Each structure stands twice: as C-alpha cells, then as structure tokens.
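Asker: Put together the whole structure using the sequences plus the hints.
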Amino acid sequence: MSNVRLRSAMNALGLSPARLGEMVDVDAKTVERWITQDRIPRPKARARVAAELGKDETYFWPVLLGTDHAVSPTTSEITRVWPARSAVPSDVWQRHLDNAREHIDVLVYAAMFLTDTHRLPETLARLSKAGGKARILLGDPTSDVLVQRGLDEGMPNVPGRAASAFEFLAASASLPGIEIRLHDTALYASLYRFDQTLLVNVHSHGLPAKDSPVLELADVPGGHLHSYYMGAFDRVWSSARRPE
Numbered sequence: 003m004s005n006v007r008l009r010s011a012m013n014a015l016g017l018s019p020a021r022l023g024e025m026v027d028v029d030a031k032t033v034e035r036w037i038t039q040d041r042i043p044r045p046k047a048r049a050r051v052a053a054e055l056g057k058d059e060t061y062f063w064p065v066l067l068g069t070d071h072a073v074s075p076t077t078s079e080i081t082r083v084w085p086a087r088s089a090v091p092s093d094v095w096q097r098h099l100d101n102a103r104e105h106i107d108v109l110v111y112a113a114m115f116l117t118d119t120h121r122l123p124e125t126l127a128r129l130s131k132a133g134g135k136a137r138i139l140l141g142d143p144t145s146d147v148l149v150q151r152g153l154d155e156g157m158p159n160v161p162g163r164a165a166s167a168f169e170f171l172a173a174s175a176s177l178p179g180i181e182i183r184l185h186d187t188a189l190y191a192s193l194y195r196f197d198q199t200l201l202v203n204v205h206s207h208g209l210p211a212k213d214s215p216v217l218e219l220a221d222v223p224g225g226h227l228h229s230y231y232m233g234a235f236d237r238v239w240s241s242a243r244r245p246e
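Residue 3 is where the sequence shown starts when you use this note's numbering, and the numbers rise one by one after that.
Everything labelled a hint here was simulated from the structure, so no lab data went into it. All of these numbers come straight from a predicted model, not from anything done at the bench. Keep in mind that a hint or two might mislead.
What the hints assert, rightly or not - Below are the DSBU-like pairs computed for lysine-lysine, each with C-alpha atoms no more than 30 Å apart in a straight line:
hint, residue 1, residue 2
1, Lys57, Lys46
2, Lys31, Lys57
3, Lys31, Lys212
4, Lys135, Lys212
5, Lys46, Lys31
Answerer: Below you can see the structure in the form of structure tokens.
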C-alpha cells in the first residue's frame, strides 16, 4: 500500500523524494519507503514533514489516530477543504499559480480576484513562455444566464464583471498555448486547475461563489472526483465560443 496523500502533497509542491529528504534530514530512499511502502517515520521526522507540507501528521498517517490508514483513492483526493472561497488564504492561490508548469484551466463567470490580486495575466505569460497551456472559460457577458445568476445572488453586475475579466485577459489569448472562450452555462461549481491540483468552488443557490465552500483535489490514480470535475470542464469547453 502506497501513501497516496504524501505523494500527492509532494507533487503539489513540486518536491522530489530527494528534495523532501534534504528538508527533513533523511535520505531519498527513506522518503521513497514512506511513499511506496507506507512506512511511518520517526516522530521527529514526522513532525518536520508535516510542517514542511503544511498538514497534520495524522493526515499523512491516520494510523496514529488508531484508525485504519488504508484510505480509498477517492478519499485521498481531498487534500483540503475551506468553508468559503474567501477563507482560502491568498498565499494558497498564489503558490498554485506560481508552481503551475504545464496546465492552468479556469472555469468561472468572472473571478476578478485572480486578475486584481494574483496577476493572472503575468502568470499566463510565464506559462506560455515555458511551453505550458491554459484554457480560460469566462461567462459570456451577453448571456441571460449571467443576468439571472446575478439576480439570484443579489449581484446584478455579474455580466459587467465578466466583461471586465475578459478585458483584462483578452491580450493573453494571443500568447502561444493560451486560449480563452466564453460560456453561457449555469455553473454548479467554479473550477481552477493548476497542473495536478484542482480547486472546486461549489455553488449554492442564492449565494455568491466567494461565500461557498472550496475543495482542493489531488489527481490520485484510481480516484473519481478530480476526473469527474474535469469532465465537466471539458463539456463546457466544447460548447463555449471563441470571442469575436
């Protein structure tokens, strides 16, 4: 039995066994045994690993709680949960944006916080230069769906925010590997994919996305949730239109 949670957390931060070993003063083979054989480190090493990866020891080694640590792949996909998008620390978003090397996929109506606070255009430029790809899905400002969503959430300017988001990002569409499309889908979740990590901002009727929960999912072999939501992304992408 491998430790998929430890492997996924390392992958999310771009850490090899050798690099994590350097950080916690063990050799790479020891770290590999923690992953491939689900070995439990000594207490001092456990504490350092948890600190470096930003999670509790019992997240990686639930057996410490006296429970069965053979968790299912789908359970292992869920690495963190926040009660609202506004509760996700700013540095979490920035770290995911900065660490993305191959893919960024975004499905939203506007998500102006990515352009206002996290400099998404600069991230897309860096990603393009490095040979990466991005698919950005923004709400179509001319769609009645956005008008209705704004009325439902008490935020009538949703179409205007979508138009502003496109204005900020339009120039990025000319970069190699970067594509922007407009959609008129009634969203049940906003999606943010950064390489193998997916943040799912689930929606609840009558509440804005910023007040709705966020799940952080790792792409774990044998898991279901990551592929489930990315399948939804692909369906919206296939029906969305290229801006005129």
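Asker: Below or equal to 30 Å on CA atoms is what counts here, so check Lys57 against Lys46.
Answerer: holds, 15 Å
Asker: Please work out if Lys31 and Lys212 have their alpha carbons no farther apart than 30 Å.
Answerer: violated, 43 Å
Asker: Does Lys212 lie within 30 Å of Lys135 when you go C-alpha to C-alpha?
Answerer: holds, 26 Å
Asker: Decide if the proposed pair is consistent with the structure: Lys46 and Lys31, CA atoms, cutoff 30 Å inclusive.
Answerer: OK: Lys46 and Lys31 at ~17 Å, within 30 Å.
Asker: Has the given pair, Lys31 with Lys57, been kept, meaning a C-alpha gap of at most 30 Å?
Answerer: With Cα atoms ~22 Å apart, Lys31 and Lys57 stay inside 30 Å; holds.
Going through the hint list in order, the structure does not satisfy hint 3, though it satisfies all others.
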